[in-house]
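> Once you've looked at the hints, dock chain B against the given chain A.
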Amino acid sequence: MNIIVCIKQIQDPEIPASKFRLGADGKKVIPPEGIPPVINPYDEQAVELALRIKEKRGGQITILTIGEEGASRAVKHALAMGADEGILLQDLTFEGSDSLATAHILTRAIQKIEEFDLILCGRQAADWDEGLVGSILAENLELPLVTLAESADFIEDRWRVKRVILDGYQIFAAPSPAVLTVSHELGPPRLPSGWGIITASKKEIPVWDAKFIGTEPTQIGADASRKKLIKLFIPQRERKCDKIEGEKPEDATSRLVEKLRTAGVL
Amino acid sequence: MKGILICGEPKEKKITSVSKELITTGKGLSSVLDQSLDFLLIGEKCENAAIEAANLGVDRVLTVQGPGSSDLHPERLVAILAQVCKQNDPMVILLGQTDMGRDVAPRLAAKLGANVCMDCVDLVFDESSKELILTKPVYGGNAMAQWALKNHRQLVVTMRPRSEKPAEPDPSHKGRMESISIEFEETQIRTQLMETTCTEGKGIKLEEAKVIVAGGGGIGGSEGFGLIQELAVVLGAAVGITRVPSDENWMPKSLEIGQTGHMVSPNLYIAVGISGAPQHLSGCSHSKIIVAINKDPEASIFGMADFGIVGDYREVLPALIEKLKALKE
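Protein chains in written order, with the numbering used here: chain A, 1 to 266; chain B, 1 to 329.
Worth flagging that the hints you see were computed from the coordinates, not collected in a lab. Where is the CB? At the ideal position from N, CA and C, for every residue including glycine. Some clues are possibly wrong.
Unchecked claim - DSSO-like cross-link-like pairs, simulated, lysine-lysine; straight-line CA separation at most 27 Å:
(1) LYS227(A) x LYS27(A)
(2) LYS112(A) x LYS111(B)
(3) LYS14(B) x LYS240(A)
(4) LYS210(B) x LYS323(B)
(5) LYS295(B) x LYS19(A)
(6) LYS202(A) x LYS112(A)
(7) LYS210(B) x LYS259(A)
(8) LYS288(B) x LYS240(A)
(9) LYS228(A) x LYS150(B)
(10) LYS243(A) x LYS328(B)
(11) LYS323(B) x LYS288(B)
(12) LYS45(B) x LYS205(B)
(13) LYS150(B) x LYS28(A)
(14) LYS130(B) x LYS228(A)
(15) LYS323(B) x LYS259(A)
(16) LYS150(B) x LYS227(A)
(17) LYS130(B) x LYS227(A)
(18) LYS228(A) x LYS111(B)
(19) LYS205(B) x LYS162(A)
(20) LYS111(B) x LYS227(A)
(21) LYS111(B) x LYS162(A)
(22) LYS14(B) x LYS243(A)
(23) LYS130(B) x LYS259(A)
What the hints assert, rightly or not - If we take Cβ atoms under 10 Å as the criterion, some of the chain A residues that face chain B in the derived model are:
(24) ASP129
(25) GLU130
(26) GLU150
(27) PHE172
(28) ALA173
With the rest of the complex left out, here is chain A (with noise of 0.2 Å):
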């Protein structure tokens, strides 16, 4: 089984909320002090389901993504958790490119490399959390999409796909080759290995160039985006909390019934 998986480099989205902060201008997230970029959890967890492919079924994993030289880091990661070859889109007029633009560019590289079985993606991507990118490359190359993939696997001739709904979980059947957008209930991803890592480290990492793999020009970077951002603001979720602290659980209960009860909410 040939399995490509996109990925995308992210600011780290396990910060503490303390710790997020915006740019004066109010249009950017700026980058916490010390604390590097990673691949995006729900990609990494699209890279451990193709492992765990991998193993039963043999194959070969193909990592993919769009971005600067430092985007390979994210790669690099992927490599060193197992996966095999890894590809950089890198173009300067990539950049600033929205979901669509994005979808464009993984489509007309995708449609590059002649063989594969399957191509998985994240759900969303933990920054701006809008979970298009794999939907719309699906309906770009017209292959069967099966999106939030909690597990996956190729029998008789079908790829079974266990999907996540809010109240329990539907099975697909789907053709191959197919995308599948992975959801976190897959679980954990592996740790890369030592012996990965050092593996990794000797890989070298092909770049594509927009010419290369033959974008529309007009399609992509942020000329094409849709939307104008206007501006991120920080929601105020704040409340004035009435902290019982120090006291007996018996005493501390007791006061919150009382005050639960004064609130109208018991």
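Using the frame of chain A, we list chain B on its own:
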């Protein structure tokens, strides 16, 4: 392009609460843009749901007959919706950020070549700039982004549940009902839906619960949820969880509250052993009263709560359960 189209969701002969919230958003847009408001229902036996929608102040309710919508295949829905959109050419297509909307909206937008924005909490038309203004949580709820959009291109938007109040019946404005038939090629359907299983089944639905007791990573393991469940029984509450208990398999994943799970707004939300990550808070911050129980006095959840007890839940919850039991008797 003309009009606004809401893709409603029927459930047990009614329309879902999210569908009613979409009507509120749609009505606001339709009046300021001076456009008609259509409400679409797909599924078999949705006549009663259609009547309910017609009474909520929409101009027209369109029904497409089809198999039960709970099992309705996303590809089939996209094929039907794409046809409806081609026939009616709406300028804005509204869906909920639900199992259906999450899946259908991106594909529909790609098929129509439309603009798309997912998981919005606000959508208004600014009359001075003649632009649509979309607001959506980004960076796991750490920030909100506001975008402007010229409305000369079709737009598909999903709205986050609980972003608006559900529309109330409007006796002065009754929508007319139209049944439409849609044809599409079966060859467009590439995947096969084999099975749909609901695991949440028993107990109170999180979205409908008046009281929720939720446990987080601080609970430390599945045994600790015994106390959470005991408290929930005494309160007649539903049980929810954050990401950690879900990832660690301490509790069923279908109980997760937050950005990628349930969006809830109970009268009382008791957060036990929950640190207060934005990803979780964005799913419960509309609760009327939030109570935090956490042994770490610095936990950020205290800043988002109305009442808090600093202490170990293993000591606080038994005492609280006793108090509430005594109160009941």
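> Could you run down the list of hints and mark each one as holding or not?
Hints and how they fare:
no.	hint	in the structure
1	LYS227(A) x LYS27(A)	holds (13 Å)
2	LYS112(A) x LYS111(B)	holds (23 Å)
3	LYS14(B) x LYS240(A)	violated (38 Å)
4	LYS210(B) x LYS323(B)	holds (20 Å)
5	LYS295(B) x LYS19(A)	holds (22 Å)
6	LYS202(A) x LYS112(A)	holds (24 Å)
7	LYS210(B) x LYS259(A)	holds (17 Å)
8	LYS288(B) x LYS240(A)	holds (13 Å)
9	LYS228(A) x LYS150(B)	holds (9 Å)
10	LYS243(A) x LYS328(B)	holds (25 Å)
11	LYS323(B) x LYS288(B)	holds (22 Å)
12	LYS45(B) x LYS205(B)	holds (24 Å)
13	LYS150(B) x LYS28(A)	holds (22 Å)
14	LYS130(B) x LYS228(A)	holds (13 Å)
15	LYS323(B) x LYS259(A)	holds (13 Å)
16	LYS150(B) x LYS227(A)	holds (8 Å)
17	LYS130(B) x LYS227(A)	holds (14 Å)
18	LYS228(A) x LYS111(B)	holds (22 Å)
19	LYS205(B) x LYS162(A)	holds (23 Å)
20	LYS111(B) x LYS227(A)	holds (19 Å)
21	LYS111(B) x LYS162(A)	holds (25 Å)
22	LYS14(B) x LYS243(A)	violated (42 Å)
23	LYS130(B) x LYS259(A)	violated (48 Å)
24	ASP129	holds (6 Å)
25	GLU130	holds (5 Å)
26	GLU150	holds (8 Å)
27	PHE172	holds (5 Å)
28	ALA173	holds (4 Å)
Comparing the model with each numbered hint stated earlier shows that hints 3, 22 and 23 do not hold.
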